[in-house]
Amino acid sequence: QAGLTQPPSVSKGLRQTATLTCTGNSNNVGSHGATWLQQHQGHPPKLLSYTNNNRPSGISERFSASRSGNTASLTITGLHPEDEADYYCSAWDSSLSARVFGGGTKLTVL
Amino acid sequence: EVQLVESGGGLVQPGGSLRLSCTGSGFTFSIYSMNWVRQAPGKGLDWVSYISSSSSKIHYADSVRGRFTISRDNAKNSVYLQMDSLRAEDSAVYYCARADADYWGPGTLVTVSS
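The listed protein sequences correspond, in order, to chains L and F. In terms of this note's numbering, the first sequence opens at residue 6 and continues consecutively. In terms of this note's numbering, the second sequence opens at residue 9 and continues consecutively.
Pulled out of the complex, with its shape left as it was, chain L reads as follows (with noise of 0.2 Å):
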């Protein structure tokens, strides 16, 4: 099954900020929003926004999710050492009757 693009990488110096991006299309991001994921290496993954881009109690207002036709966003501001971590994004595809996954981003703060 088609996944969902984010860049493999993202590079940032600390206390700045990052936005990831999550690519689809109108059968899955475009139409049915995308969950935000955090995974720090040897643990399972985090919730950080729900599809309709509010976050769960407990996390962190730096982190921001926003969602423009078929591409969803995450921003991170005031970049910690702790926000260093892989970045998934994820959609139902109501085309595949599928879950999609993106490839996931590992972002680096540096």
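Please keep in mind that the hints were generated in silico from the structure rather than gathered at the bench. Every residue gets a Cβ at the ideal spot worked out from N, C-alpha and C, and that includes glycine. Any given hint might turn out to be false.
[Unchecked claim] Pairwise CB distance ranges (calculated):
hint	chain 1	residue 1	chain 2	residue 2	range
1	L	22	F	79	41 to 47 Å
2	F	25	L	74	32 to 38 Å
3	F	10	L	99	46 to 52 Å
4	F	119	L	13	38 to 44 Å
5	F	77	L	111	33 to 39 Å
Guided by the hints, dock chain F onto chain L, whose structure is given.
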């Protein structure tokens, strides 16, 4: 607090079978769809299967269709993945994930090797 816990992973020979279980707590399990997602070492997330809240809708990734079977028991707050005809490429950490892949369990490791 939403919690999901997987079990049943282990080492199995090619062609063998395993049954994974996932038990949920901290939410009304019976009203949520559930997914199984896997992650091979050093790789990204790979969706495996979906089951709706009432089990009326079930979907599989092409790579596992005909070999894996998803089911659930809402009375036990549990979802299962029966994995048959296992192959080396099925080796991965298997996670259960709620609905829109919002909450995840810690995962269970499946290794298919002779």
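Cross-check of the supplied hints:
For the pair residue 22 of chain L and residue 79 of chain F, the supplied restraint of 41 to 47 Å holds, since their beta-carbon distance comes to about 45 Å. The hinted window of 32 to 38 Å between residue 25 of chain F and residue 74 of chain L is violated, with their beta carbons roughly 44 Å apart. A beta carbon spacing of about 25 Å between residue 10 of chain F and residue 99 of chain L contradicts the range 46 to 52 Å that was offered as a hint. The beta-carbon spacing between residue 119 of chain F and residue 13 of chain L, approximately 27 Å, falls outside the hinted interval of 38 to 44 Å.
Remark: the range hint 33 to 39 Å for residue 77 of chain F to residue 111 of chain L is upheld by a beta-carbon distance near 34 Å.
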